[in-house]
Structures are given as C-alpha cells and as structure tokens.
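Colleague: Order-wise, the sequence lines are chains W and Y. If you read the first sequence in the UniProt record's numbering, its first letter stands for residue 1, the second for the next number, and so on. If you read the second sequence in the UniProt record's numbering, its first letter stands for residue 1, the second for the next number, and so on.
The hints are simulated quantities; they were obtained by calculation from the structure and are not laboratory data. Fair warning: there could be bad hints in the mix.
The list treats identical chains as one, so a pair stands whether inside a single copy or across any two.
Taking lysine-lysine and the BS3-like style, the derived pairs with C-alpha atoms no more than 30 Å apart in a straight line are [to be verified]:
(1) Lys483 to Lys142
(2) Lys229 to Lys503
(3) Lys317 to Lys205
(4) Lys77 to Lys430
The structure presented is a predicted model; accordingly, all values stated were derived computationally and were not measured.
Protein chains: 2
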Amino acid sequence: MADGNKPRRRGGGRAGAAHRRGTAAIEQMPWRVPVNTDRPTEPLGADGVQAIHDGAMRILEEIGIEFLNEEALAIFKEAGCTVNGTNVRMGRDWVMEMLGHAPEQFDITPRNPDKKIAMGGKHILFGNVSSPPNYYDLEIGKKVSGSRAQCANLLRLTQYFNCIHFAGGYPVEPVDVHASVRHLDVVYDKMTLTDKVAHAYSLGKERVEDVMEMVKIAGGLSEEDFASKPHMYTNINSTSPLKHDVPMIDGCLRCVRRGQAVIVTPFTLAGAMAPVTMTGAVTLSIAEAISAIALFQYVRPGAPCVIGTFTSNVDMKSGAPAFGTPEYMRATQITGQMARFYGLPMRASGVCAANVPDGQAMWETSNSLWSAVQSGTNVVYHAAGWLEGGLIASPEKFVMDCEVIQMIQRYMEPQIVATGPNDIAIEAIKEVGPNGHFFGIEHTQKRYEEAFYQPFVSDWRNFEAWEAAGGIWTAERAHRTFKDIIAQFEEPPMGVAVKEELKDFVARRKAEGGAPTDF
Amino acid sequence: MADGNKPRRRGGGRAGAAHRRGTAAIEQMPWRVPVNTDRPTEPLGADGVQAIHDGAMRILEEIGIEFLNEEALAIFKEAGCTVNGTNVRMGRDWVMEMLGHAPEQFDITPRNPDKKIAMGGKHILFGNVSSPPNYYDLEIGKKVSGSRAQCANLLRLTQYFNCIHFAGGYPVEPVDVHASVRHLDVVYDKMTLTDKVAHAYSLGKERVEDVMEMVKIAGGLSEEDFASKPHMYTNINSTSPLKHDVPMIDGCLRCVRRGQAVIVTPFTLAGAMAPVTMTGAVTLSIAEAISAIALFQYVRPGAPCVIGTFTSNVDMKSGAPAFGTPEYMRATQITGQMARFYGLPMRASGVCAANVPDGQAMWETSNSLWSAVQSGTNVVYHAAGWLEGGLIASPEKFVMDCEVIQMIQRYMEPQIVATGPNDIAIEAIKEVGPNGHFFGIEHTQKRYEEAFYQPFVSDWRNFEAWEAAGGIWTAERAHRTFKDIIAQFEEPPMGVAVKEELKDFVARRKAEGGAPTDF
Numbered sequence: 001m002a003d004g005n006k007p008r009r010r011g012g013g014r015a016g017a018a019h020r021r022g023t024a025a026i027e028q029m030p031w032r033v034p035v036n037t038d039r040p041t042e043p044l045g046a047d048g049v050q051a052i053h054d055g056a057m058r059i060l061e062e063i064g065i066e067f068l069n070e071e072a073l074a075i076f077k078e079a080g081c082t083v084n085g086t087n088v089r090m091g092r093d094w095v096m097e098m099l100g101h102a103p104e105q106f107d108i109t110p111r112n113p114d115k116k117i118a119m120g121g122k123h124i125l126f127g128n129v130s131s132p133p134n135y136y137d138l139e140i141g142k143k144v145s146g147s148r149a150q151c152a153n154l155l156r157l158t159q160y161f162n163c164i165h166f167a168g169g170y171p172v173e174p175v176d177v178h179a180s181v182r183h184l185d186v187v188y189d190k191m192t193l194t195d196k197v198a199h200a201y202s203l204g205k206e207r208v209e210d211v212m213e214m215v216k217i218a219g220g221l222s223e224e225d226f227a228s229k230p231h232m233y234t235n236i237n238s239t240s241p242l243k244h245d246v247p248m249i250d251g252c253l254r255c256v257r258r259g260q261a262v263i264v265t266p267f268t269l270a271g272a273m274a275p276v277t278m279t280g281a282v283t284l285s286i287a288e289a290i291s292a293i294a295l296f297q298y299v300r301p302g303a304p305c306v307i308g309t310f311t312s313n314v315d316m317k318s319g320a321p322a323f324g325t326p327e328y329m330r331a332t333q334i335t336g337q338m339a340r341f342y343g344l345p346m347r348a349s350g351v352c353a354a355n356v357p358d359g360q361a362m363w364e365t366s367n368s369l370w371s372a373v374q375s376g377t378n379v380v381y382h383a384a385g386w387l388e389g390g391l392i393a394s395p396e397k398f399v400m401d402c403e404v405i406q407m408i409q410r411y412m413e414p415q416i417v418a419t420g421p422n423d424i425a426i427e428a429i430k431e432v433g434p435n436g437h438f439f440g441i442e443h444t445q446k447r448y449e450e451a452f453y454q455p456f457v458s459d460w461r462n463f464e465a466w467e468a469a470g471g472i473w474t475a476e477r478a479h480r481t482f483k484d485i486i487a488q489f490e491e492p493p494m495g496v497a498v499k500e501e502l503k504d505f506v507a508r509r510k511a512e513g514g515a516p517t518d519f
Numbered sequence: 001m002a003d004g005n006k007p008r009r010r011g012g013g014r015a016g017a018a019h020r021r022g023t024a025a026i027e028q029m030p031w032r033v034p035v036n037t038d039r040p041t042e043p044l045g046a047d048g049v050q051a052i053h054d055g056a057m058r059i060l061e062e063i064g065i066e067f068l069n070e071e072a073l074a075i076f077k078e079a080g081c082t083v084n085g086t087n088v089r090m091g092r093d094w095v096m097e098m099l100g101h102a103p104e105q106f107d108i109t110p111r112n113p114d115k116k117i118a119m120g121g122k123h124i125l126f127g128n129v130s131s132p133p134n135y136y137d138l139e140i141g142k143k144v145s146g147s148r149a150q151c152a153n154l155l156r157l158t159q160y161f162n163c164i165h166f167a168g169g170y171p172v173e174p175v176d177v178h179a180s181v182r183h184l185d186v187v188y189d190k191m192t193l194t195d196k197v198a199h200a201y202s203l204g205k206e207r208v209e210d211v212m213e214m215v216k217i218a219g220g221l222s223e224e225d226f227a228s229k230p231h232m233y234t235n236i237n238s239t240s241p242l243k244h245d246v247p248m249i250d251g252c253l254r255c256v257r258r259g260q261a262v263i264v265t266p267f268t269l270a271g272a273m274a275p276v277t278m279t280g281a282v283t284l285s286i287a288e289a290i291s292a293i294a295l296f297q298y299v300r301p302g303a304p305c306v307i308g309t310f311t312s313n314v315d316m317k318s319g320a321p322a323f324g325t326p327e328y329m330r331a332t333q334i335t336g337q338m339a340r341f342y343g344l345p346m347r348a349s350g351v352c353a354a355n356v357p358d359g360q361a362m363w364e365t366s367n368s369l370w371s372a373v374q375s376g377t378n379v380v381y382h383a384a385g386w387l388e389g390g391l392i393a394s395p396e397k398f399v400m401d402c403e404v405i406q407m408i409q410r411y412m413e414p415q416i417v418a419t420g421p422n423d424i425a426i427e428a429i430k431e432v433g434p435n436g437h438f439f440g441i442e443h444t445q446k447r448y449e450e451a452f453y454q455p456f457v458s459d460w461r462n463f464e465a466w467e468a469a470g471g472i473w474t475a476e477r478a479h480r481t482f483k484d485i486i487a488q489f490e491e492p493p494m495g496v497a498v499k500e501e502l503k504d505f506v507a508r509r510k511a512e513g514g515a516p517t518d519f
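Next comes chain W alone, as it looks inside the complex (with noise of 0.2 Å):
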C-alpha cells in the first residue's frame, strides 16, 4: 500500500510562495479585537437557565465549597457566609450582590498599548496553548519534554500571529529550566518577545509578583499606573468538585488587590470530577467560579473577572478525557447562557484530544472553536497549538489552528453580509448578462482584494498543481512555514534601559532563590 501520509515527491514549491509573499513568511489579516455579532446558540430555555442558577445556588447553600486558603476563609467570615472548618456556603442573596460589582466588560493594557484588550461585551479574543508538559514537532516526530527554547518559539507564534491577541501561560513547560527560577526565565522571554497582554500562574505569591513587577518594568509603569487598571491577569482552576486550593486564590487575590484581572475556570470532567449529566457538570462548574468571582468581588467590588468552562466528558472506554465532543459543545454554549445570566465575561477553549496535527485535530479544535463562537466566548484559551489534551504543544498544530482562527475573525467582518445596492449587485448582474463572466467587470476589478478571505496554509491549488509542487499535506505546510516564521522572527521594540532592568531584574530574583518549589 502506497504512504498517502508520506507527503515529499518533489522539493519544489516555495519559490512561489516566496515571491508572492515578498519579504513577510506568511500574508496575514491585520491585528484587530473582533465582535461576534452572531445571536449565540442557545440549547437551554429561561427554565433551563433558572434549574441550573437554582442548583448552583443550592451548592452554594446546602453543600458550600472548600476553601483552602486560610484568608478566604476569614474573608467570607467577615462577610456573613457561614464557615466551618475549610467549607464555606453562601446565600444566594449575598452571591447575587456581589456578582453585580463584576463589569461585564474591561480592558486589559500590555506594554504595547496599540496591543489592548477588550474582555467582554461581544469581543472574541484568542490566546496561545498553555502549559503542555510535552512537546511534538514533525522535526523531532516523537512526544518530548519541553524546553525553554520550544518555550520561546512558541511565544514567538503567539507574537507573530495578528490573530493571537494575548500570551496565555507558558506555551510549553519548559523542564530544563529549575522550577524555582523557570517564572523568571519564561516571563523574561514572553516580555521581550511578545507585546501582548501577558499571563502569571497562581502558584505562590513570589510567582505572581515576580510577574508583576517584570509587567510594571516592561511598560514603565509606577506602582499606581500599574494597579489603576489592568495590564496582566492570572488565570486558576478550582480542584473540582467543590474546591479552591491555597495557592490560586492566593494570586487572584494579589491580582485583584492590585487592579490585575482574573479568569476562574473550574475543570469539570463528566463521569469524573463531576456528575455524568452535562447539565450537571455544568451546574457544579458554575458555583465553583462564581463562589470565588463572589469572594473577588467582596474585597474589591468592580474587581475584573471572567468565568471560565472547562467542562467535557470522558472516554466511556478509557477514562481520558475527550474534546470538542457534541457534549462539550453544548456545555460551552450553556455555560455561555450562565455568564450572561450572571453579567460576566466568558473564557472557554480550543482543544482536542487527538495526538498528531491531523483530521482529527482539526475536526476536534474546529469542535471546540465554533462551540466558543456560538456560545458568545470572550476569551479563547488555548486557541492555537494545542495536542492530546493539552499534554502536547505542537507548532504545526498552532499554525494550523491560526489558519481556522483568522477565518472565524474574518466571518466576523460585517462586509461580507451588506447588502447595499452595489452589494446586491443587480446593475452588475445586468452589465454581465447571461453569456458573460464577472471577472473583468469594473465591479469585481474595484473589490477583488479585499472581497475573500486569503489563505496561508491552507492550499486551494487543483491536485496536479498542488501535485507538481511536491504533494505537501497540511501538517508539513505548516511545519514549513512554522520554520520560515522563526527564521524571519523579529523581536517587537524594546527600550535597552527596559531590557536591562528586566534582566536585572531577573538575576537579582535569581540570586535570592526565586520562588519555593513546594506547590
């Protein structure tokens, strides 16, 4: 049997391509914050709306959740909630009050200001795959434990991509850089090698500050510009079920303090950590968020907060999770439902469970992106180079997925659906006739550029051309031009006193040990 995986032929191909794009390794749609306009899908009635609010509710009442963090714990005292020993439940009343502090949307500022983000309202923003242990490129073509410099090729994707509006957390974990100083090196990286809004782990105070001070050093900011308003967020999971560990809401509350934005995300897997009925899982995810988001809003009322989903199903056969399932799209879509409900931001995933970027790959993170499109998602983690649940970052896989992210962000264009009288086109239709084409027509000639979305992997050559050009799957396309954006890279501006003072910065942390390694 013929390797119809095998792809090579003939070397041909690029020369092209090369000349097409000029000196750029790829064309690609300019930077820009899209909104979905786009009436979200909703599976769920007002009903269904108010069963899952009232089990939530009832959580949050009858069975509270555990706080591990010993000043949570005297916060929610201080505020009324009844607590005993580590578990706190709460009154729908006073949830309720609380959640109406949150804005429904807000701004986050990076170094870059033309690089700002608005979270919430109809915006749609992407971000970077984060934390794989592993990584797999079709060079190495075997899973590997990353490093600091896949590490930082990644944050060089996420920086080249216009559709790529922040750095998540590390893209890979980088294993070859010591736990207690890794923060230091990977955040150094993400500040000189990307201008967009930037991540800090909720892994212990000197990780999230250690953040915040390289954000303040990065955009010179003083100590009151940088807590006026948000310029960096963290992002924490909840131990599901019905769990906030000592360390994350350690961090939000750093964050909320000081002006910075969280995202809550609990992690609710059907069948696992959470009830086998997606309703369910869903129920049990949204008193898990909104019982921190309730407690942020308590210490700073206004604080900037997102509720995240992260809830799928298992494999009936295996037990590992699945994603971008039928199931998973629809608890995306309800829990969207949920965060309008409740007024807040959404974040939701681009994710798969497939091992290699192919079909299923494709077909799972195509799953998951649109579910966050229909859904009404503000912010799209993990949009681009996410693998095998997220064990696996793949810079075949991001390129890929920035190819499907950039057609979502130009579906959004409100162009494409005018319907003026030179869109509706009849003195065009008249001109041309029915033995004509509309090629040459002034009509076309006037909108050819900009009319439809162009593609960068994507190959819509007829198979002899594409043939004649080697053969090339999708997977090695992306490869290629993977290696042409590296080759081509070049670091967004930075003043050298900045750069030296964040590497002063680093070696000084550095020398006094960096942050404990017992999380």
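Take the given structure of chain W and dock chain Y to it, following the hints.
Modeller: Using the frame of chain W, we list chain Y on its own:
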C-alpha cells in the same frame, strides 16, 4: 527531518478494537432523521432579507432568466410570463403565488420504507459525495479516473453508515463504463447495494426515466403507487449566470409530473459566474433557483421542491473555487434566511478545496457542515467523501466525514441539554462531596453507557497508548476502517425476483443502446 506523516511503526492495535466491536466493522449510532432545534444563525436583519428578495425579483422582472428548454418556454408563455426568444421575465406577484404552492416539508420513501426521509421543517439529512470524475485512496496513493468498482465501494459506505440518509449522484463517476449505459450499471449497483433514497441525473429523458423504472422495480411499485408520492429525486444546477439548460429542466419536468422531488441548485461562484459580493452572488442564486421552482409549481402545484445553495468564492490568486471559507459560510446562512422567507426546504453541502484527507480537508469540511447546521439546511449534499472541490472522491475522507456527521447528529439529541433534577444532579454532587469521584456512584453507573458520544475513527487514547498501537494518523485509520467495512459488507435484503427483474431491465435497455451521449 523525521517524517511525522509516516505513521506505521508497529503492526498492532486492532485486536483490542476487534474485541470491542464484536463482529461489526465499527460501532455506530442507529439510523435516525435528526431534528435541528438550534435557532439558525441569521446574519441579515429583515431589511437585508428584503434587499435580497427585491434584488432577486428585479432580476426576474427586469433582466429575465434564459430557459433553453422549448417546453419550459411554452409553459411560461401560457402562464403569462414575458418570453422573448429564450429570455423569460416574470412578475413578482406570479412568482410568489407559485412559491406559495410549494410544500415546506415532504417525505421521500425508498424501497426500504424504514429509510423514509423527511425533507424540510427542522430536519437535517446527509448524503454521500456525488459526481467526482476522480478517485483517491491511500492504497493507490494518487488521483485516478473513477471506476465502477470504486463507485460500488463508495455506495457500500453510503449504505453502511447510518448517518448517511440518502444516496446522491454517482459517488464517483465510473469512467470505465460507457456513458450510454453508465446510469444503468450504477443505478443497478445503487438499487442492490443500498436501500436508501436514490437520485437520478437529469441528463436526457432516458437517464431520468430509466431510474424511475428501476426505483419502481426495486420497490415493487405500480405506476400509480410510484406517482402517488416521492420515491426518488433529481438535483439540477443552473448554468450561472442567468441560464437553465435543456436536459436539466427536462428531467425536472419529468420528475415533477410523476410526483417526484427536485432540488434546484445554482452554482454561483462569486467573482466568476456571479458578482464578487457575497450577497450579490446569493441574490443571483435565489433568482435562478426560484425561476425554475416557480415553473415546476405552475406545472404541478404543490410539487416537492428544494432550493439549493452552492455559492462560494474563487481563490484570489488562482481563480480556483474555494470551499468552506468564511464567505461560503455566510452565503449559506443567508440562503437559509431566504429559504425560510420563501417557505422552501433548503439544500447545502459538505465541501472543501483540499486535495487529500488531512487537516485542511477537515477544517474546511467542518466549516461547511457547521454552516449547514447554522443555516437550518435540510439536505446536506456531498456530506461524506468530497475532496479537491468535488473533483476527487475519497473513501478515507468518507469515513472521516461520517465521524463529524455522527457528532453533529449526537449534538442534536435533546437529552444532552436536559435540565430535570436528575440532570442537574444536586444529590449526586452532595453524595460525592469535595473529596470523592463521580465514576463509582449509581447516578453515573446508570447513565454511563449512553452518556457520551462514542467515536469510531477518532483515537482518544493518550499519546503513549496511541503510539504503542502503531502511531497511526487519522487518514490511515480511516483507510483501515474503510477496508473493514467493505470486507464485512452485507447487501440489504432484496427479493430474488426483484433482483432478476432489475437485471433484465438493465439488459434490455443496454440492448436498446442505453441513452444518447450527446449531452
């Protein structure tokens, strides 16, 4: 560089799967006609719908459509339309009166009445790829002209997959059978290898009427039974811009007069045979489609008709058609709005420009299939097996597409979003508490088997387990599934006498010379 696309390192991995499945090639969902309860995505407001309607009416009133078919011209004249040579202009009042006769929903009943399908309303149906002249599979490893054997295998897939509801045109054109008798051999194969609703090409009197006779023989139907309700259908394309040719209209008239269904699908490629603006291309498509449907409603008020869309855009670089683009998705959604405006069932497609069953193929196809769902499409043509803009049929792509289609069907099952007390599952959450796991509890165990979608070609194992089983990429897994299905395929039951009668009919019609080949 390691070749990441080359999959096979070890041979194993099938024993477990075979054990799991028993003797069936795969475990799949049962036959069902899914109901799409999602509110359609509607990019246009009422003004936009009115603008396209008005544009389409102005085309019909001011520009006219060319009908090359003499019989149609005579009917239009009789109906009071303005006929100048082949140009037919028709007033909007008459058009809307005719469309008012068309049913919003109707059934088609094939030889196996259990495979009856409902076209229209909220139903969504999926059919196989139709009419590619070429074939590609991983064993052959290149693009080749289609053959009867390949066509028969694709018909076996069409029958095998419960998520495929009807048999479209030839799933690949069997170029090894002479065009004069090709329809006889392929329809014989279709009648014996499938028991699903069948299609006739409108390519001259003989081809349409031979299919009708064979459908009658296969179903044991008298002419009166046959004509009493739809048992098969034809699908035609206009010759955009602004033209309907002779045989397509002829075939439709033959179907309509004998109570059979017709689908009218203009192919309006924006920037080529239609305006460069997407709403202009849709307007032209609507005008072309409803001019023919109005004719059929005049001939037989209440005739079962479907309005099709095949509006996409060209590649700005090569002029080649592009599919599954953002523009394609919006055009499909807008056509859905127009179909509901006119009260007609709607057809769209599952399409891509990719040449091989890889990542690009699946994101483009996912885009097109999700836009079918979002648009409220009732009939999804080419939903499985399509490559290279419809020039290649691929069995691997067929299998991969069926996974996506099954997920869409599962997505539409209402139990996923149920919100009764046992779904919200407060008692289960109480029972498990903050330190437990949901897997072992009764609430989970009672629901586990049916709770989640179960894939047949997606591999949800972790990387290590996947690698140990050979590290097989999706396209090759699909190839193996294809081979398994063909090896174990059993023809649907058909009486010996019926089969003999079909054979005799084919032999007689071949002896008579089949059909003219001057199309």
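Colleague: List in ascending order the numbers of the hints, as given earlier, that are violated by the structure.
Modeller: The structure conflicts with hint 3 only, although it agrees with all the remaining ones.
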